[in-house]
Amino acid sequence: MIRATLDLCRDVGFQLELLGQVGLRLRSAFHRRGLIADQFFQSGLKVFHVVLFVGLFVGMIVALQTGIELSRFGQEDQIGTIVSLSMCREMGPFITAIILAATVGSALAAELGTMAVNEELTALEVMSIDKVNLLVMPRVLGLAVMCPVLAIVCDTIGILGGALISESQLGVDTTMYFDTVVEALAPVGNLLGLPKDIYTGLFKALVFGTVIGTISCAEGLRARGGAVGVGECTRRAVRNSIIATIIANYFLTWAFFG
Amino acid sequence: MTAPAGEDVLIRFEGVVKAFGEKRVLNGLDLDVHRGETVVVMGPSGTGKSTLLRHVIGLLRPDAGRVLVDGNDMATIRPRELRALRERMGYVFQDAALLAWMNVADNLALPLRETTDLSEREIERRVQEKLMLVHVPGSDERFPSELSGGMRKRVGLARALITDPEIVLYDEPTAGLDPEIAMSINLLMRELRERTGTTAMVVTHDIGTARTVADRIAFLEAGRVHFQAPPDEFFTSDDPRLVRFLGHQGSRA
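Taken in sequence, the protein lines are chains A and B.
Take 0 as the starting number for the first sequence in numbering that gives the first Met the number 0 and just add one per residue.
Take 0 as the starting number for the second sequence in numbering that gives the first Met the number 0 and just add one per residue.
These are computed hints drawn from the structure, not numbers from a lab.
Being a predicted model, the structure only gives us computed values, none of them experimental.
From the three backbone atoms N, C-alpha and C, an ideal C-beta is built for every residue, glycine too.
Watch out, some of these pointers could steer you wrong.
[Unchecked claim] Cβ-Cβ distance ranges computed for the label pairs, FRET-style:
1) Ser144(B) / Arg234(A): 22 to 28 Å
2) Leu44(A) / Ala63(B): 53 to 59 Å
3) Leu163(A) / Glu119(B): 49 to 55 Å
4) Pro43(B) / Val49(A): 50 to 56 Å
5) Met0(A) / Arg189(B): 55 to 61 Å
6) Thr174(A) / Met101(B): 52 to 58 Å
7) Val227(A) / Gly148(B): 22 to 28 Å
8) Arg77(B) / Gly33(A): 29 to 35 Å
9) Met182(B) / Val227(A): 31 to 37 Å
10) Asp238(B) / Arg234(A): 49 to 55 Å
11) Arg189(B) / His48(A): 54 to 60 Å
12) Ser27(A) / Asp105(B): 16 to 22 Å
13) Arg234(A) / Pro229(B): 49 to 55 Å
With the hints as extra help, turn the sequences into a complete structure.
Below, the structure is given as structure tokens:
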């Protein structure tokens with residue numbers, strides 16, 4: 000128990016240190032623009048269709064589940080409110096984060112893990128090349144930026160999926176559905192006059208992307224022991240990313256809405 | 000922190016001890032490598048040959064004793080000085096350790112792009128020069144996965160030489176190669192030493208490598224230098240342990 004706690008503290012310490020090092024190297028982001036653009040492609044375009052597909056069905060599921068209950072009380076015309084708030088506050092950022100952890104995060108950990116066991120990282124070290132600047136910063140930045148972008152896609156397609164179900168299965172007129180969506184998302188917060196439910200969701204996505212990128216890179220960098228080690232670091236990266244995302248989600252929700 | 004290491008001694012091991020867990024790999028090892036000399040380190044598996052090289056480049060620090068490189072104590076050297084020292088060294092990895100996502104030209108150019116202010120034109124010139132030097136011209140656009148084992152070793156060697164290092168460390172440079180390719184690598188190492196005059200440490204099990212490139216051969220046993228001598232003397236030695244290690248190949252010198 001004590002050993003597990005110490006291991007956890009060491010892991011979190013390493014991840015925080017890595018995040019700090021990434022932060023210090025952000026000033027060289029322009030110099031690394033080619034690598035960062037590649038990460039935008041890897042973290043964004045390559046999973047775009049997955050986010051579309053999953054987001055659509057999540058929106059449809061939320062609409063169906065809540066719509067059935069609301070119709071028992073004759074409140075099905077509020078379905079747009081529930082779907083839009085659910086998607087923008089929680090489901091969009093969270094579902095996007097899970098998709099990114101499972102696809103991009105695992106690939107990052109496996110890629111860096113393979114480099115570690117093949118001594119490519121050691122080669123960088125003996126050549127006095129800063130591996131955080133070359134490998135980690137572009138990857139973390141790519142995920143941190145693309146997670147909110149994909150969350151917007153997920154929010155939008157989820158709300159459209161809700162509209163589909165509202166019209167076809169709950170008998171709610173599409174115009175009324177979108178009126179309630181706009182009404183629900185309209186209240187502005189303190190940030191630049193933007194709707195609070197949207198920017199809090201996007202901020203969550205930014206944090207989730209950063210967390211997934213940092214944890215996945217940290218696990219990859221510490222891989223040891225050939226193919227088994229790469230598999231192990233990939234498994235740990237996905238597991239720890241999802242756990243950290245859920246914990247971060249709770250505290251961010253508490254901070255914004257608690 | 001610096002300490003005198005003898006005028007022409009570039010690398011010095013003084014009573015170096017290194018353990019991994021319970022296993023003591025280096026056990027009071029002493030060895031000098033002189034400027035311009037090629038020292039081959041041989042010995043059974045697990046006697047700390049690669050560990051020795053990793054101390055020289057600062058990847059490992061001794062538990063006791065000292066490793067001095069050009070007078071710099073590698074246990075206490077500051078990060079900035081270590082970076083500067085590493086820029087004077089080249090390290091040839093057993094499996095080349097080329098970055099799989101970069102082509103050959105970018106692999107070679109990487110150390111120059113990351114650690115120097117050279118222009119792209121000058122970097123390109125140096126890349127072509129080193130590819131010519133290791134006899135793999137025209138492979139710039141190929142990726143490591145498209146190269147044969149021998150070519151990967153050559154490209155790894157070219158990358159180690161791209162900064163014109165004073166010291167080159169070879170970790171099993173011919174491991175896993177067929178005898179013909181291995182001999183071509185050996186001849187290349189000898190040619191490079193003659194042309195560039197670098198100081199080198201070569202860790203190998205390959206007797207052909209030792210015969211071809213060594214000025215002096217050190218035989219490690221139980222974490223210490225058991226025997227060291229120039230090749231002629233080494234391969235004709237009647238030291239029982241050495242005779243057992245070399246088998247019938249020793250008598251062919």
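Evaluated hints:
1. Ser144(B) / Arg234(A): 22 to 28 Å: 25 Å, holds
2. Leu44(A) / Ala63(B): 53 to 59 Å: 54 Å, holds
3. Leu163(A) / Glu119(B): 49 to 55 Å: With a Cβ separation near 53 Å, Leu163(A) and Glu119(B) satisfy 49 to 55 Å, so the hint holds.
4. Pro43(B) / Val49(A): 50 to 56 Å: 52 Å, holds
5. Met0(A) / Arg189(B): 55 to 61 Å: The hinted range 55 to 61 Å holds for Met0(A) and Arg189(B), with Cβ atoms some 59 Å apart.
6. Thr174(A) / Met101(B): 52 to 58 Å: 55 Å, holds
7. Val227(A) / Gly148(B): 22 to 28 Å: With Cβ atoms ~23 Å apart, the hint holds.
8. Arg77(B) / Gly33(A): 29 to 35 Å: The hint (29 to 35 Å, Cβ to Cβ) holds, given that Arg77(B) and Gly33(A) are roughly 32 Å apart.
9. Met182(B) / Val227(A): 31 to 37 Å: 35 Å, holds
10. Asp238(B) / Arg234(A): 49 to 55 Å: Holds - the Cβ-Cβ distance for Asp238(B) and Arg234(A), about 50 Å, lies within 49 to 55 Å.
11. Arg189(B) / His48(A): 54 to 60 Å: 56 Å, holds
12. Ser27(A) / Asp105(B): 16 to 22 Å: 18 Å, holds
13. Arg234(A) / Pro229(B): 49 to 55 Å: The hint (49 to 55 Å, Cβ to Cβ) holds, given that Arg234(A) and Pro229(B) are roughly 52 Å apart.
Every hint from the earlier list agrees with this structure, and none is contradicted.
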